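A.B. asks: Top line first, the protein sequences correspond to chains Z and E. Position 275 of the first sequence, counting from 1, maps to 275 under my numbering, and the rest follow consecutively. Position 113 of the second sequence, counting from 1, maps to 113 under my numbering, and the rest follow consecutively.
It should be emphasised that the hints constitute simulated quantities derived from the structure, not laboratory data. If you're wondering where the values come from, they're calculated on a predicted model, not measured in any experiment. Do not take every clue at face value.
Stated by the list, open to error - Just the calculated beta-carbon pair ranges, DEER-fashion:
1. Q6/E with G196/Z: 46 to 56 Å
2. P228/E with P163/Z: 39 to 49 Å
3. V46/Z with Y16/E: 58 to 68 Å
4. Q272/E with P163/Z: 51 to 61 Å
Stated by the list, open to error - Where chain E lies over chain Z, by a calculated footprint (3+ residues, C-beta under 8 Å):
5. 164 to 171
6. 183 to 194
7. 303 to 313
All residues carry an ideal CB built from backbone N, CA and C; glycine is no exception.
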Amino acid sequence: MLELIPNQLGFPLLSLLIFVPVIGAVVLLTVRDARAARWLALVFSVVELGLCAPLLANFDSSLAHMQFGESMPWISAWNIHYKLGVDGISVLFVALTALLTVISIMVSWTAITDRVREFMVALLFLEAGMVGVFASLDLFLFYIFWEAMLIPMYLLIGVWGGPNRLYAAVKFFLYTLVGSVLMLVAILAVYFTAGGTFDVLSLMNHKFGHTFQLWAFAAFFAAFAVKVPMFPFHTWLPDAHVEAPTAGSIILAGILIKMGAYGFLRFSLPFFPDATMTYTPAIMVLSVIAIIYGAYMAFAQTDFKKLIAYSSVSHMGFVTLGIFSMNSQGLEGGILQMINHGVSTGALFLGVGVIYERTHTRVIADYGGLASKVPVYAAFLMIITLSSIGLPGTNGFIGEFAILLGAFQFKAIYAVIASFGIILGAGYMLWLYQRIIFGTITNPHNEHLKDMNLREIVAALPLVILVFYVGLYPNAAFQVIHASADNLIKHVHAKAQVLPAAAQAVSTLVGN
Amino acid sequence: MATSLQAFIGQLLPLYPELVLITIACTVLLLDFFVDRQNKAILGWYSLIGIAIAASMTIKLIGLGGSFFGGTFLLDPFSAYFKLAFYVACGLGILISMKYLDIEDIHRGEYYALMLFATSGMMLMASAGDLITLYLGLELMALSIYILAGFMRGDSRSNEAGIKYLLLGAFSSGIMLYGMSLLYGVSGTTNLNGILAFLRGADLANPVLFLAMVMLIVSFGFKVAAVPFHMWVPDVYEGAPTSVTAFMSAGPKVAGFAVLLRIFAHTLLPLQDHATVILAGMAVLTMAVGNIMAIAQTNIKRMLAYSSIAHAGYALVGLAAGGPDGAASVMLYVLIYAVMNMGAFGVVIMLRRSGARGEEITDFSGLGKTNKAAAFLMLIFMFSLTGIPPMAGFIGKFYIFKSAVQAGMVWLAVVGVLFSSISAYFYLRVIMVMYMYEPKEEFSLVQSPALALALAISVTAVIVIGVYPSGVLEFARASIIGIL
Numbered sequence: 001m002l003e004l005i006p007n008q009l010g011f012p013l014l015s016l017l018i019f020v021p022v023i024g025a026v027v028l029l030t031v032r033d034a035r036a037a038r039w040l041a042l043v044f045s046v047v048e049l050g051l052c053a054p055l056l057a058n059f060d061s062s063l064a065h066m067q068f069g070e071s072m073p074w075i076s077a078w079n080i081h082y083k084l085g086v087d088g089i090s091v092l093f094v095a096l097t098a099l100l101t102v103i104s105i106m107v108s109w110t111a112i113t114d115r116v117r118e119f120m121v122a123l124l125f126l127e128a129g130m131v132g133v134f135a136s137l138d139l140f141l142f143y144i145f146w147e148a149m150l151i152p153m154y155l156l157i158g159v160w161g162g163p164n165r166l167y168a169a170v171k172f173f174l175y176t177l178v179g180s181v182l183m184l185v186a187i188l189a190v191y192f193t194a195g196g197t198f199d200v201l202s203l204m205n206h207k208f209g210h211t212f213q214l215w216a217f218a219a220f221f222a223a224f225a226v227k228v229p230m231f232p233f234h235t236w237l238p239d240a241h242v243e244a245p246t247a248g249s250i251i252l253a254g255i256l257i258k259m260g261a262y263g264f265l266r267f268s269l270p271f272f273p274d275a276t277m278t279y280t281p282a283i284m285v286l287s288v289i290a291i292i293y294g295a296y297m298a299f300a301q302t303d304f305k306k307l308i309a310y311s312s313v314s315h316m317g318f319v320t321l322g323i324f325s326m327n328s329q330g331l332e333g334g335i336l337q338m339i340n341h342g343v344s345t346g347a348l349f350l351g352v353g354v355i356y357e358r359t360h361t362r363v364i365a366d367y368g369g370l371a372s373k374v375p376v377y378a379a380f381l382m383i384i385t386l387s388s389i390g391l392p393g394t395n396g397f398i399g400e401f402a403i404l405l406g407a408f409q410f411k412a413i414y415a416v417i418a419s420f421g422i423i424l425g426a427g428y429m430l431w432l433y434q435r436i437i438f439g440t441i442t443n444p445h446n447e448h449l450k451d452m453n454l455r456e457i458v459a460a461l462p463l464v465i466l467v468f469y470v471g472l473y474p475n476a477a478f479q480v481i482h483a484s485a486d487n488l489i490k491h492v493h494a495k496a497q498v499l500p501a502a503a504q505a506v507s508t509l510v511g512n
Numbered sequence: 001m002a003t004s005l006q007a008f009i010g011q012l013l014p015l016y017p018e019l020v021l022i023t024i025a026c027t028v029l030l031l032d033f034f035v036d037r038q039n040k041a042i043l044g045w046y047s048l049i050g051i052a053i054a055a056s057m058t059i060k061l062i063g064l065g066g067s068f069f070g071g072t073f074l075l076d077p078f079s080a081y082f083k084l085a086f087y088v089a090c091g092l093g094i095l096i097s098m099k100y101l102d103i104e105d106i107h108r109g110e111y112y113a114l115m116l117f118a119t120s121g122m123m124l125m126a127s128a129g130d131l132i133t134l135y136l137g138l139e140l141m142a143l144s145i146y147i148l149a150g151f152m153r154g155d156s157r158s159n160e161a162g163i164k165y166l167l168l169g170a171f172s173s174g175i176m177l178y179g180m181s182l183l184y185g186v187s188g189t190t191n192l193n194g195i196l197a198f199l200r201g202a203d204l205a206n207p208v209l210f211l212a213m214v215m216l217i218v219s220f221g222f223k224v225a226a227v228p229f230h231m232w233v234p235d236v237y238e239g240a241p242t243s244v245t246a247f248m249s250a251g252p253k254v255a256g257f258a259v260l261l262r263i264f265a266h267t268l269l270p271l272q273d274h275a276t277v278i279l280a281g282m283a284v285l286t287m288a289v290g291n292i293m294a295i296a297q298t299n300i301k302r303m304l305a306y307s308s309i310a311h312a313g314y315a316l317v318g319l320a321a322g323g324p325d326g327a328a329s330v331m332l333y334v335l336i337y338a339v340m341n342m343g344a345f346g347v348v349i350m351l352r353r354s355g356a357r358g359e360e361i362t363d364f365s366g367l368g369k370t371n372k373a374a375a376f377l378m379l380i381f382m383f384s385l386t387g388i389p390p391m392a393g394f395i396g397k398f399y400i401f402k403s404a405v406q407a408g409m410v411w412l413a414v415v416g417v418l419f420s421s422i423s424a425y426f427y428l429r430v431i432m433v434m435y436m437y438e439p440k441e442e443f444s445l446v447q448s449p450a451l452a453l454a455l456a457i458s459v460t461a462v463i464v465i466g467v468y469p470s471g472v473l474e475f476a477r478a479s480i481i482g483i484l
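Bound conformation, chain Z alone (with noise of 0.2 Å):
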């Protein structure tokens, strides 16, 4: 069972990683000057990074338990607690959250020249709200959280974002709010059955009846699905990304699509184990089809953005498909693709912020050639590629390694199919590639291509660090993610007792 350690460190880390970004935000309303505003926003992501630091140093990777715990009462009438605590599975989310706000912040510096000051304050509540995600272990905490980052989302993609901003902010917000109210219906449910507590470790232990679990899953998933986005959610990715500055990409990408895993992991999971049984085949038939689904139509975008956005679709299917083979190989790998598809796909909409900038154009027709006038961008973007491609030696190969492990265990023929997606993926990308970078200048635009400077390098530079760091010592993050895994996926098999409807997924499990 799992167990709240509380904070050993002397001062409340998980709040401080909460707080620091809206105290940036509320310092930042007071500045008018925009340079101001950028450093200012600047040092206050970098301070919340450096207090990453002793978040992960602190970090005792051979508990399952939630560590840095802290809890007081909030809304004692309803019970509601202000807890918060992380474990193997979200304390690399909130890392990751700290690192590509920076970066987001970094590549926003020239690219963002109106209401500077309000773009940087919106991004520091997005922040805390994605930290406030990761850390609460209130069900009612969370989901404050979970909406409150709607405003500052929708705000960037709607006040930042392109040509069709309005439509793109409009669908997202729409989506994901149809979703997550489900979930609050679903929320107050859980809340009620299991005698009136919203506390996240004392849920996981309560047996709900089987039919409430189908029920209640099916709401969680209304929220989570979305989210991912799973096949066929997902139409509202690739208008958002599309529209989106570079900054809200990455974000985009990096974080908020991973909460909707996370979301499974954290709650759909442990809570409902036998529904998770029940409906795990259906959710493998959609993984799989979004892996292809979004593969091909990667194919045949002719924007940039939205072909990477394409390709997170089929690469969120490799999570879900990890997620649900139910043992521990694929959940770690699913856990840890989250994190790769996090990096390299934030690098690479980081490389499309970077060259857009210059061209103004996201067409890739329009590119072509550009090894010869940028040299450093050709070789980030190589790198990023190969990443997202799960290259070995990349940390994409590691993830979509174990996953189709754990997948092949559950049912082989799931594991064949996405590897094709694999295969596609590689088509998609090197072609993306070659028509980008390689060949002759066709557009004469490009003749005065400058290349990534400083700042955009240091920028890139910690992604192109971690895809090779995860890629040859998958061990240090393995490590971090093993306990709390092994002990999810021990708890929901020891949990699920089979019925009659469930009878059937269980014994494809225990079969193989």
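Chain Z is already provided as a structure; the job is to place chain E on it using the hints.
C.D. replies: Chain E only, in chain Z's frame:
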């Protein structure tokens, strides 16, 4: 003689807050003769002092519970809670009116007097222990507001609003009286406790009782703007002076729910099974019509009118859920709604200048660039009305849907949250227009210290209740215990 006068005054103690407001209202009418046209705002501040005194008395009287004047007047935490809510609505209403009345050139003393009369009517409704008192309070409120709605005598829309509200209001009062008389005919008493005692032992299958209940629902449904008794709302809201619209959307609606709660959570509790079905059906209809019709509006006042219909629907969900939590959730919700809606109207009023009406949603174009503070406030109010945390609107909706789930009405909660998502579309449009459209022309907003104060109060309340609702929540929960 002296002692009997003292005794008389002592007996009036429970009525002190109402008496203060009525006295202030009458003196406002007198003072009006001596105040220059440019300085009418003084009367507004004078009225606010009266509200402050009344509020302090109401707070002092919380300790003194019981029924007075032969059971016609009740003092309980429930009425105290609503009275404080009325003070907030009336106070904010006066603050946002002052400058606006100058611009519309309708700054006359009786405006404030009518606001205070309406407020004392609402207070009487909240405290009513008898159908007669209830009706008197309701009419005092309604008559004052009929006049306020038509306060712009030179404006045909305002006249239309006043007449329309008067005619339909009279009609609904008639239905209410009919229902009350049926109830009296069956039970033999107009006292609420008496009726409850009678119903506990009565044959509930009596169709006359059912008819009486339906008539009461119809007439109160009219007051709170529930569908299908909402037809008057868009026209009246659009035509009335904006400051009156703001007050109407908060005050009478809250008062209507005070009475609905008193009647359905207390007096007619034995009829709950019948009432629940009707109230739940009305809640669904109200949420549907309010939210769907609001999407098509281009005039911000009409949009907020339909939005106010929708919000009545959410509150009805809590009423249908019943029980202490259902009732408390309605109380919390209407208070939060009143505050955030007054705030939104406060921003709308800022756009009204001489020569420009500022009522179209497109008039907000580029407000995020030309007036950052106003746009930011509107953003907070719009997200709060949508029900997005960490704004108070979320807490209100959360409690409503929580009570519905608790009462086993999960389907109603699901319908509610889905309509609530639809509402995001039209609230977001205001934000979109403010932040994502270019300003049409350079213009300065109307600003005044009173308006700024009103906006500061409402935005603080929206955020404080959103982040730390415990105080208000405990108050609402404690208040409801008294009447159940």
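A.B. asks: Could you see if the CB distance from V46/Z to Y16/E stays within 58 to 68 Å?
C.D. replies: 60 Å, holds
A.B. asks: Mind checking, does the region 183 to 194 of chain Z have 3 or more residues with a CB under 8 Å from chain E?
C.D. replies: Holds: 6 residues of the region 183 to 194 of chain Z have a Cβ under 8 Å from chain E.
A.B. asks: Do at least three Cβ atoms from the region 303 to 313 of chain Z come closer than 8 Å to Cβ atoms of chain E?
C.D. replies: violated (count 0)
A.B. asks: Evaluate the given range 51 to 61 Å for the C-beta pair formed by Q272/E and P163/Z.
C.D. replies: Holds, since Q272/E and P163/Z (Cβ atoms, about 56 Å apart) stay within the stated range.
A.B. asks: Is it true that the C-beta distance of Q6/E to G196/Z lies inside 46 to 56 Å, as the hint says?
C.D. replies: 52 Å, holds
A.B. asks: Verify the coverage statement for the region 164 to 171 of chain Z against chain E, using a C-beta to C-beta distance below 8 Å and requiring 3 or more qualifying residues.
C.D. replies: holds (count 4)
A.B. asks: Looking only at beta-carbon atoms, does the pair P228/E, P163/Z fall within the given range of 39 to 49 Å?
C.D. replies: Since P228/E and P163/Z have Cβ atoms about 43 Å apart, the given range 39 to 49 Å holds.
Checked against the numbered hints above, the structure breaks only hint 7 and satisfies the rest.
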